[in-house]
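K.L.:
Hey, can you work out the whole structure from these sequences and the hints?
4 protein chains.
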Amino acid sequence: MTVRIAVAGASGYAGGELLRLLLGHPDVEIGALTANSSAGDALLKHQPHLLPLADRRLQDTTAETLKGHDVVFLALPHGHSAALAEQLGDDTVVVDCGADHRLTSADDWTRWYGGEHAGTWPYGLPELPGQRERLVGARRVAVPGCYPTVSSLALAPAVDLIEDEVVVVAVSGTSGAGKSLKPNLLGSEVMGSASAYGVGGAHRHTPEISQNLSAAAGRPISVSFTPVLAPMSRGILATCTARLEDDGANVREVYEKAYADEPFVHLLPEGFWPATNAVLGSNAVQLQVTVDPDLGRLVVVAAVDNLAKGTAGAAVQCMNLALGLPETSGLSTVGVAP
Amino acid sequence: MTVRIAVAGASGYAGGELLRLLLGHPDVEIGALTANSSAGDALLKHQPHLLPLADRRLQDTTAETLKGHDVVFLALPHGHSAALAEQLGDDTVVVDCGADHRLTSADDWTRWYGGEHAGTWPYGLPELPGQRERLVGARRVAVPGCYPTVSSLALAPAVDLIEDEVVVVAVSGTSGAGKSLKPNLLGSEVMGSASAYGVGGAHRHTPEISQNLSAAAGRPISVSFTPVLAPMSRGILATCTARLEDDGANVREVYEKAYADEPFVHLLPEGFWPATNAVLGSNAVQLQVTVDPDLGRLVVVAAVDNLAKGTAGAAVQCMNLALGLPETSGLSTVGVAP
Amino acid sequence: MTVRIAVAGASGYAGGELLRLLLGHPDVEIGALTANSSAGDALLKHQPHLLPLADRRLQDTTAETLKGHDVVFLALPHGHSAALAEQLGDDTVVVDCGADHRLTSADDWTRWYGGEHAGTWPYGLPELPGQRERLVGARRVAVPGCYPTVSSLALAPAVDLIEDEVVVVAVSGTSGAGKSLKPNLLGSEVMGSASAYGVGGAHRHTPEISQNLSAAAGRPISVSFTPVLAPMSRGILATCTARLEDDGANVREVYEKAYADEPFVHLLPEGFWPATNAVLGSNAVQLQVTVDPDLGRLVVVAAVDNLAKGTAGAAVQCMNLALGLPETSGLSTVGVAP
Amino acid sequence: MTVRIAVAGASGYAGGELLRLLLGHPDVEIGALTANSSAGDALLKHQPHLLPLADRRLQDTTAETLKGHDVVFLALPHGHSAALAEQLGDDTVVVDCGADHRLTSADDWTRWYGGEHAGTWPYGLPELPGQRERLVGARRVAVPGCYPTVSSLALAPAVDLIEDEVVVVAVSGTSGAGKSLKPNLLGSEVMGSASAYGVGGAHRHTPEISQNLSAAAGRPISVSFTPVLAPMSRGILATCTARLEDDGANVREVYEKAYADEPFVHLLPEGFWPATNAVLGSNAVQLQVTVDPDLGRLVVVAAVDNLAKGTAGAAVQCMNLALGLPETSGLSTVGVAP
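Chains as they are written, first to last, in full-length UniProt numbering: chain B, 1 to 338; chain E, 1 to 338; chain R, 1 to 338; chain W, 1 to 338.
No lab work stands behind these hints: they were computed from the structure. Source: prediction; values computed, not measured.
DSS-like mimics (lysine-lysine), calculated; alpha carbons at most 30 Å apart, straight line: (1) B:K45 - R:K179; (2) E:K67 - E:K45; (3) E:K45 - W:K182; (4) B:K179 - R:K182; (5) B:K45 - B:K182.
Every beta carbon over 10 Å from chain B, so not counted as near; a handful from chain E, in silico: (6) K45; (7) H46; (8) A54; (9) T110; (10) S180; (11) R204; (12) L323.
Ideal placement from N, C-alpha and C gives every residue a C-beta, glycine not left out.
P.N.:
Have a look at this one:
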């Protein structure tokens, strides 16, 4: 079986990572690659690391170009996927790396993104309770945000053990902000500097984390979320903490059980702590859990590659599930380190 | 007035930063420079950025070498300062950058550091309530830890507004770990990677933060503290959050009042957020405060240079207070950026 | 004596560094700060590290705004300084950090920059033979390019010992490219990556290096120059090599003599090699020289901060000379490390 | 066919990269993993990115442990491979990532490494003229040094066009120095800094580059080589320049022809320049060539991942050749960027 795929938004970081992974997928053939302002350019100008595609050019992002592929990956700013997907029809699996179809609440969508909600698609985090079965055979997938991926996986197993409020501070590399030409993303500003943004519950990933944890808990879980930009290209390290309802004696056991059969979520042995370079380029999530005995708080630290498992890796994993391929095809748990 | 100073531990990062600042202090003459295993070396071997001291050699760290200076700065591992200070007598102002004399509780000392407590010295964070007056004319000063400096300044003004538990996640550059030859501090491991350590209340700065906030509050404040190592040499960005008792409407006003007259603590204008490179090499602390309206939580973000205001700058500031010099002599609020 | 200065181009990296240094200059009062597209903004938006100027706003860059200052620093793209300087008149010392007036040959100017040459001003590298005396009392100064500064200082003492062709490969931090919003300058692209640009003699600093060395030699010296971008904000490390005419036995002696009395150029002791962080933020140049015995080649390695001695520090040094102030006022040879 | 391999020196950077690549090789089964001082440790302690080997422990490096594998990779300090290889016998393919068997001249060995030369093995750079055929079916392979790999590939095609002396300045990430606990390799010292080392022909890779180019030229080629350490974990960017014998009009054509059929060496299209992140984790070498028209010099810029094609990737490529597997098995030309 050969799956013919297209990538819309192939000039950006998510698009580049999709292609990097898909080039290593045994069952995939790479079709159309599209962009907006960069249409017409050689792909190599934007993705100099993708040598096997050195002869490719970027086309315009239109339904015509994208039609006729088995799978279309959308790596576009939010607001564009619903119309494109409709034109592509149900013959095509559409995997959306953008935010359009992640939230279940239309009110939340309007509050956080503005405009009308385009509807909810199966949520591409198969490791959350009940999600994997919704992805098998799906024709539409909403790939989670990078912060919600790591935060939800870090806390979901514990929802029955903790109070209703969690605090997440997540340190991220700069590629999470995309290839945006903003002064604060220039290398000269980023290197040697850490800074917070979207503070005080202002980041759009906040309702998505809350949605995931609340669904897992069966009750509302509120989230204090602060993202911090650190001088690295990739990687998120999330520190997630919540008050425990009891003494937390069985915390480790709960996490061991939750992820025992998951191919990509690894609870590290005791004494080991996650570092983002250990998951660089891989689809793995590394976790460690502990209890602060003086405060009765659970502390979970989790590392993920924001572009891989945080975006493009999850997209490939969901494609595998949607098409009935082995879930781990084309994906690795081996990081590129040091 | 010329103040003759000595630095014990001049081969390390704190010692180097002390000398960098003291070279620019108008009233200081630099005397003995000592080290342990590096005694006998040219200072330039360890501090190649201190060209005006290029002809200096490191001597052994002994009371004999350190005697006869007006001020002795100790930048040593904990456990060494009490004996040295006793031999130096009260003619000499001793400013200890180590941990020996920071904690007021002997029990806390024994729990966190082991062994017998060497006693408590005036605490070198003049911006905390009641501390400045204890430092004026002091003969002994305990310079705070870098994390407690930034965390305490971030939260102390709010202690009457918040509940009894705070959560601090602080991203730090690697120089905070000193010039230790450990694999996880190698450039190859650090660059491109973020990692947490001392998780779950295991970092020794935890009781010091709690001590400061509890003293400011007049009631026990407990601290969930997680330090995160980021790929930069200097700087700490602390995200500090706590549940508010009320709606937090006057939070900004409280902080404005608290730091209105402080030369080194700057509440940024609304809409600006701290970044560590903005304080690199400076004695400034940059703060921003906000309220998460959905959760009723205060969120304070603060940036400091761990080696400057976090260690050596505070030491110089305290020397100025101890000797009756202008508090800001030799110190700057201008960072080296980008 | 108080010197009132203005900075045109105060929102950029060179402008920010000028202000950082001038804030520490004992005889300077900071007047108008101007910009182009950022006029009207709070300075703090662009220079968050300059807290003492937190209440300043950027004005439009016009002769009217800049008039009436003792010294005007121009940190503008090339092509703008001649007209501004003419309007300012000879009452004002104009120190141009741009390229307009560096080259002596109008043909070179037209070839490398295009358009008509605006004329040559005294060249702001006082350590080159014969330059310091031209700067004393000057009303106009052309501050050298950052690469020519370090390359010329690295090789000028040796021009009588070497053949007529030199090879320079200089590794630079990204701030040398300015605050330009180009994809290849984004942090995500820069971190973890080294790349060359302007290869094959295509960089505009090539004729300036050649001009300096040829002037020092009294014969044409040709320059193979390759700049390399490295993942750091500041600093240039130049590796400069040339075939020796003889065995090079007296190379070290020649350099020692050349720079014995220079306050900012330091030949390191034997066995020490320059590193850019040792000069970060300082006006120092660190040099080391050796001879490759198998090839009979001189190899000089030199480190400089491109924004400090490479631009803004040189500008302040030249202002000092122009006004008859001590040459080292407001400048330091102490780097900010680690 | 399943090839059972062992890695001696599995705790270091080269060992880790060998395992990362071999985990993705379709025909390889990973056997014994050995170390010296780390024997007995969990592999995960030293290689936290190799999750599929999370249950492995390091054994002692002895011939007994290594025997019985089809291929043994040695990632050891120089001086250890000859004795081990002798004990392993000719049933085992031994691929040595160390320096012991690279040089053909025993005198060169003694001069640069000291002690007696252990003999010369087939040289693992199949892209050099005449090397590939020596590697097919070989039982012993000497993997080249990282700098010689990139420098030789950059210049070998041009040896008939240039004079007898080349100048190479190569910027390297810190992993090339291995996991050595030296102060100058600490993250705090490395980040934000560039520095040269082994200047003046003092680096041991100098004779190896010269050997390769001289062999390709059929006449002695001398090499001025300067390595520069830059703040990145991986990657080498080499700037290689030499005087042309003629006008260089056919330079591009010569390189196109030389590498037309090579799977791993890519001459970039005109207008593109190599960057090290484009080859991160890949076995590709990216090259660009130009002629400096004013000087008549060839300038070649080449990028390689020092741990991949510069060490472990070359080792796997040579194993493939030795065993008659497809040369590209388990290797990729896709970099991990940004």
